[in-house]
Every structure is written in C-alpha cells, then in structure tokens.
Amino acid sequence: MALNKTHAAALCAALLAGGCTFAEDALFPGTASSGQSAIAEQASNDGPPALGSSSFDPVGVTPASSSGTYVGAKAATLRNDLQGLQATLGRQNQTLQQIRSETVQDSQRYHGTVAAINARLQVGTTPGNPILNQQWNAAQNELDRITDDVLKMNRLTNEVTASSTMAGYLLESVRAARSLSGAVDEDHRQLRILEDETNRTVVMVERLLGELTNDAVRQQQYVASEKQNLNTLALGIKNGALFVGSLSNQPNSSFTAPSRAAAPSGDQPLVTIRFDKPNVNYEPALYAAVKSALDRRPNATFDVVAVAPVGASPAQQTVAAGNARRNAESVLRSLTNMNMPASRVRVSASTSPTASSNGEVQVFVR
1 MALNKTHAAA LCAALLAGGC TFAEDALFPG TASSGQSAIA EQASNDGPPA
51 LGSSSFDPVG VTPASSSGTY VGAKAATLRN DLQGLQATLG RQNQTLQQIR
101 SETVQDSQRY HGTVAAINAR LQVGTTPGNP ILNQQWNAAQ NELDRITDDV
151 LKMNRLTNEV TASSTMAGYL LESVRAARSL SGAVDEDHRQ LRILEDETNR
201 TVVMVERLLG ELTNDAVRQQ QYVASEKQNL NTLALGIKNG ALFVGSLSNQ
251 PNSSFTAPSR AAAPSGDQPL VTIRFDKPNV NYEPALYAAV KSALDRRPNA
301 TFDVVAVAPV GASPAQQTVA AGNARRNAES VLRSLTNMNM PASRVRVSAS
351 TSPTASSNGE VQVFVR
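The sequence shown begins at 1 in the numbering used here and counts up one residue at a time.
These are computed hints drawn from the structure, not numbers from a lab.
As the structure is a computational prediction, the values presented were derived from the model and not from experiment.
Backbone N, C-alpha and C fix where the C-beta goes; we use that ideal spot for every residue, glycine too.
Do not take every clue at face value.
[Claimed, not checked] Below, a list of computed lysine to aspartate or glutamate pairs in the EDC-like style, where the Cα atoms sit at most 20 Å apart:
| no. | residue 1 | residue 2 |
| --- | --- | --- |
| 1 | K277 | E329 |
| 2 | K152 | E206 |
| 3 | K227 | D106 |
[What the hints assert, rightly or not] Computed spacing ranges between beta-carbons, pair by pair:
| no. | residue 1 | residue 2 | range |
| --- | --- | --- | --- |
| 4 | A116 | S357 | 40 to 50 Å |
| 5 | A349 | S54 | 53 to 63 Å |
| 6 | S54 | G182 | 36 to 46 Å |
| 7 | N199 | D144 | 37 to 47 Å |
Work the whole structure out from these sequences, hints included.
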C-alpha cells in the first residue's frame, strides 16, 4: 500500500508551496531523491502478536483406599488438596482459552477497521472526512476491547500465580509426609504416586503461568504501540492523506538534547513554517521533512524555534512573541501526534526582522 515516488514527490511539492519550506538539500546534500522515496515507505504492520496455543489440562489424581494409618490419612488429605488444585487449574485453563479467542476476534475487527481507513487515505480523501472519523472512533472502541482483554489476562495471571504457590506448597507437603513415622509400605507407595502427580502439576502450572505472562506482556506492548499509531492515523484523517510510518520507530539511544536557547543564525532550518494565513496546513510537509531526516540520521533531535518579528513597540513585540510561541506549541503537538518522543524535541524562541507579522516556526535537525 505504499505511495509511488511520483505521487509522493508531487504531493510534497504541493504541500510545501503553502507556507512551509523544506531545506533538505542544504542539510543532506546529494540525498534528495532518497528523501522523496522515504515518504513513500509504508509502515510495517505485522498485526497483533501471536498468542500462545497450548492447552493446560490437569494430569489427574490416582484414587487410593485408606490404609488406616496416620500417614495414610495425611496422604488422603493431600490427595484431596491436589484434586481441588487441579479443578481450579482446569477452570483457569478454560478462562485462558476464552480470553485468547476474544482477543483474536477483537484484534481482527480492529485491524479490519484500520485497514479500511488506510485504504481510503491511500487514494486520498477530503480533510476531516466524517466517515473516516466514524471508522476511527470504531477502531478506538475495538482497541479498548483489546485493552479489556489484557486486563483479563492480568487478573488471570494473579490467580494462576496463587495456584503456582499452592502447587509448590503441596509438593513440599507430600515430600515431608514421606518422612513421617508410623507408615506402612502402601502409604509410601501412594505418596510416591502422589508426589509424581503433584510434580507434574507444578510443571504444568509453571508452563501456564509463563505462557500467560508472555501473552499479557506482548499484548500490553502491542496496545501501547497501536494507541500511538491511532494518533498518527487521526492526523492523516485530519489532513486527508496517509502518514506512512510512525516517528516513534526511530532509535533514540546515545543522543544529546540541544542545550542552546535558540539556533545560531547561520544554521539552515530543516523546515520553516510561516503562519501568514489562517489554518496553515503544515503537518504533511512537516512529517515528510522530519521522517526524511530520521531516515538519514536515526538519532537526530530537533529544535522547534518560535521566531517573532521585531516589533515597533514593546507591546507589539510582546504580542508577536506570544503568537509565535503558540504556533511553536502547535508544531510541537503535531510532532507528538506523529509519535515523536518529547525527549527528542526542544522548544525555544528567537526574533527576526524578516519574520511575518504572525511570526514563523523553524525546525532544526541536530
């Protein structure tokens, strides 16, 4: 579902003509063609993580008759405890299978809705298309249902943890019973069988707990990622165009945040957004520029500079600085909605005699 290069380049050219300029050639000489193709890369969407498929059926408990001794009575009590534990594990296994089935169904509905939105954005649509907004709300509700599935997994994890503790306690109790005095050979035979079955129950409950925990962790990470992707999708609906890829997918280890209050006058901005008319549609061009910069320098950070014009009076200067600051905050929110980590963006302020009356915002790559 990727845009072709010609379409992407034409789209970028049209967007950049409306109050937003992109200085890629100055920042990355000789790489403009690959920058345009980077816009056309579709974000990978491998769907939800695979859930475990094991079924954890109890191993069963071998019946035995009473030997009439104290140790035999102790073995009978432990046998009843093991039967109760296995019955609990059977119910927990059924609950796990039900949660998995619901999660798969909820994920299929969610991805079907998201795919429909992406398909419509891929061919282009009107900004703020109400049909796509309705579909986005449906996708949000479906993702909420997946979140509920994760909560069910977490509650079940707590229950299985308690069962694991009980299984370990039973195994130690069975082993301790073999050292009690007053037993007959039949008691020890029954205890050996009981120990083997308890040990197999311990192994099964640990496998159940491990697989359930892995499912819950992967689903939590998946839901968190999809929430960010929905933010980017909402931005695409707002602009009527597909935003291909999340800015959060870039690594951010070993970078240094800029410490300057404003960029040096000699630096070339990556993007200059001039707020010289109402409702400047700068987000597609901003996204394309920042995504292209990150493709070349994955650890890059960014300065968002509010540039106010030099006013004729202190009062005019104060008003102009306030307008520029609000515009810079709007650009910062846009980057956040594109899933750019806030730790990689620094906002500052500056003045320029060439800035328009409403100011402009310059984005620098570091």
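Hints breached by this structure: none
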